[in-house]
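Q: The lines below spell out each chain.
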Amino acid sequence: MKTTVAGPMVPTMARVNRVRKETHDTFTLELHPAYGQEIHHFAAGQFNMLYVFGFGEVAISISGDPTNPKPLIHTTRAVGNVTKAMAKLKTGDMIGVRGPFGSAWPVKHAEGDDVVLVAGGIGLAPLRPVIYEILANRRKYGKLILLYGTRTPSDILYRKELESWRSRLDMEVYVTVDRSSVNWQGNVGVVTTLIPKAGFDPQQTTAMICGPEIMMRYVALELQKRGVPMSSVFASMERNMKCGIGLCGHCQMGPTFICKDGPVYPYDKIRELLLKREI
Amino acid sequence: METLEPILAEHPFIKGLKPEHIQLMVGCSRNVKFEAGEFILREGYEANEFYIIRHGQVNLEIHSPKRHAVTIHTCREGDVLGWSWLFPPYLWHFDARAMELTRAIALDAKCLRGKCEKDPSLGYELAKRLAHVIEHRLQGATLQLLDLYSSTD
Ligand SMILES: Cc1cc2nc3c(=O)[nH]c(=O)nc-3n(C[C@H](O)[C@H](O)[C@H](O)COP(=O)(O)OP(=O)(O)OC[C@H]3O[C@@H](n4cnc5c(N)ncnc54)[C@H](O)[C@@H]3O)c2cc1C
Ligand code: FES
Numbered sequence: 003m004k005t006t007v008a009g010p011m012v013p014t015m016a017r018v019n020r021v022r023k024e025t026h027d028t029f030t031l032e033l034h035p036a037y038g039q040e041i042h043h044f045a046a047g048q049f050n051m052l053y054v055f056g057f058g059e060v061a062i063s064i065s066g067d068p069t070n071p072k073p074l075i076h077t078t079r080a081v082g083n084v085t086k087a088m089a090k091l092k093t094g095d096m097i098g099v100r101g102p103f104g105s106a107w108p109v110k111h112a113e114g115d116d117v118v119l120v121a122g123g124i125g126l127a128p129l130r131p132v133i134y135e136i137l138a139n140r141r142k143y144g145k146l147i148l149l150y151g152t153r154t155p156s157d158i159l160y161r162k163e164l165e166s167w168r169s170r171l172d173m174e175v176y177v178t179v180d181r182s183s184v185n186w187q188g189n190v191g192v193v194t195t196l197i198p199k200a201g202f203d204p205q206q207t208t209a210m211i212c213g214p215e216i217m218m219r220y221v222a223l224e225l226q227k228r229g230v231p232m233s234s235v236f237a238s239m240e241r242n243m244k245c246g247i248g249l250c251g252h253c254q255m256g257p258t259f260i261c262k263d264g265p266v267y268p269y270d271k272i273r274e275l276l277l278k279r280e281i
Numbered sequence: 245m246e247t248l249e250p251i252l253a254e255h256p257f258i259k260g261l262k263p264e265h266i267q268l269m270v271g272c273s274r275n276v277k278f279e280a281g282e283f284i285l286r287e288g289y290e291a292n293e294f295y296i297i298r299h300g301q302v303n304l305e306i307h308s309p310k311r312h313a314v315t316i317h318t319c320r321e322g323d324v325l326g327w328s329w330l331f332p333p334y335l336w337h338f339d340a341r342a343m344e345l346t347r348a349i350a351l352d353a354k355c356l357r358g359k360c361e362k363d364p365s366l367g368y369e370l371a372k373r374l375a376h377v378i379e380h381r382l383q384g385a386t387l388q389l390l391d392l393y394s395s396t397d
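Protein chains in written order, with our numbering: chain F, 3 to 281; chain V, 245 to 397.
Derived by calculation from the structure, the hints in this document are not laboratory data. For glycine and all other residues, C-beta sits at the position ideal for the given N, C-alpha and C. Misleading hints may appear alongside valid ones.
Negatives, chain V to chain F, calculated, CB over 12 Å [as the list claims (entries may be wrong)]:
| no. | residue |
| --- | --- |
| 1 | Gly260 |
| 2 | Val270 |
| 3 | Asn275 |
| 4 | Val276 |
| 5 | Arg320 |
| 6 | Leu330 |
| 7 | Glu361 |
Chain V regions said to be covered by chain F (calculated; three or more residues, Cβ under 8 Å) [stated by the list, open to error]:
| no. | stretch |
| --- | --- |
| 8 | 378-385 |
| 9 | 388-394 |
Using the sequences provided together with the hints, build the complete structure.
A: Dropping the structure here:
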C-alpha cells in the first residue's frame, strides 16, 4: 500500500474483499486498496500494522504470495481486543493498513540449501510466503521440508493447502498435534519430535522457525542437536507494537527494536536475549 | 542364513554399538509385522518385548470409558517402542496400536536383560540410549503440558 505518500504513520484505507474462516479462532482477510492505490511489494516475513477503526492497531504478518502480492492477505488469530474486533469484519468493511515493515526471511540466502520450515500454531501464516516464493523458484533450492505443529487437529491452518503441498513430489510436509481427537489418524507429539526424522543435510540447511517463543527455543536446540549451525537458523519474534518503524520503543527486546531490526533474526543474534528472563 | 544384524545395525537406536553387542542383540531379536489397527502393547500386560520400528506408524494410547482412546504420542520409523521392559515390575504403561502396516524388530526383554546383566558394558550402552529416548519424551510431554498454542500463553 502507498503508506509512504502520507508518511509511515498514516494508514492507507483498504476494503475487505473476502473473509475466510480458517479455524474456530483464525481467519484470513483479503484486502484491496480502497482508493485506487497500489499494493506495495513485500518480502516474505514482513508485516503490516492493521488498524481496526474504533479498536486499535496490531502488527500482522503478510501471509500471501510475495511473487503475486495482489490482493493483500493476512491471517489472524482472534486473541484480544483488536484481533477479536477484526474477526467481526465483513466483506466491504474498511481497515487501515501501514507497511510493509520489518526484516525478511532469508529466502535468497537459502538458495542452494535444503530449507526446513518449522511452524507452530499461527506461526505458519508468516512462513507461508516463504513456501510460495520457493515453490515459484523451486529449482534453486534443495529439499523443502515443512514441519508444522498445532494444538489440536481442529487448529490446523490452511488444511487444503497443506494437503496439496503434501501431494507434491518436491516438498515434504509433516504435521503433528499436541492433543489428538478421536478421529485423528496423524502424528501426535510436539513439533520438536519431527526434527530428528526429517531428511535434510544439516550442514547445507537454512532453517526458519516461527511460533511461540518456548517452542522456538526447543526447536533451535533440536536443530543444533542435528548439527545445523545456529547461524543458519532464523526466527521471527513478536512483541507488542505501536509505531512499527523504530520510533516509540514499544517493541524493544534488549538492544534491538523488533519492528525495525526484526521480526526475523538470525538465531545466533537473539539466542542470548531469548534465554534472559528479564526481557 | 540371513540374520537381522544388518537391519539392526542401521537403526538409529542401535547405530554405533560395538559389533559384538549387536551380535548379542541379534540373538534376542525377531522380525515382526503388525496390520493397521492391531494392538502391539496393552497397558498392564507384561513388558516382555520391546520394538525397534523399521516402517509404519504406532500410536501410544491411554483409554478411559468417557474419553475413548486418547493418543498421547506417535512413534515412527527410527523410533523405539517401549521402555517398561527394563524396569520392574515390567508392565506396559500404555496401549500401543499400529495405525498402518508396521514392520519392526522385537527384542525379547528377558533375553536382553540377561545379556545386559552378564555384560554391563552392553547394559550401560543400552541404558544410555534409552535414557536419551526418555529424555526426549519427557521434554515433549512437558511442552505438551505447557499448552504452548493456547491463547492465554
Ligand atoms: C511482527 C509481528 C507479526 C505478527 N503476525 C501475526 C499474524 O500473522 N497473525 C496473528 O494472528 N498475529 C500476529 N501477531 C500477533 C498480533 O500482533 C497479536 O496477536 C495482537 O497484537 C494482539 O492484539 P489484541 O489487541 O487482539 O490482543 P490484546 O488485547 O493485546 O491481548 C489480549 C490477550 O491475548 C493474548 N495475546 C496477545 N497476543 C497474543 C499472541 N500473539 N498469541 C497468543 N496470545 C496473545 C495476551 O496475552 C492477552 O491475554 C504478530 C505480531 C508481531 C509483532
Ligand atoms: S513499535 Fe515503536 S519502536 Fe517498534
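Q: Give a verdict on every hint.
A: Cross-check of the supplied hints:
1. Gly260: holds (15 Å)
2. Val270: holds (25 Å)
3. Asn275: Asparagine 275 of chain V is indeed farther than 12 Å from all Cβ atoms of chain F, at 22 Å.
4. Val276: holds (21 Å)
5. Arg320: violated (6 Å)
6. Leu330: holds (21 Å)
7. Glu361: Its Cβ never comes within 12 Å of chain F, the nearest being 30 Å, so this holds.
8. 378-385: Satisfied; 3 residues make the cut.
9. 388-394: Answer holds; 6 residues pass the 8 Å Cβ test.
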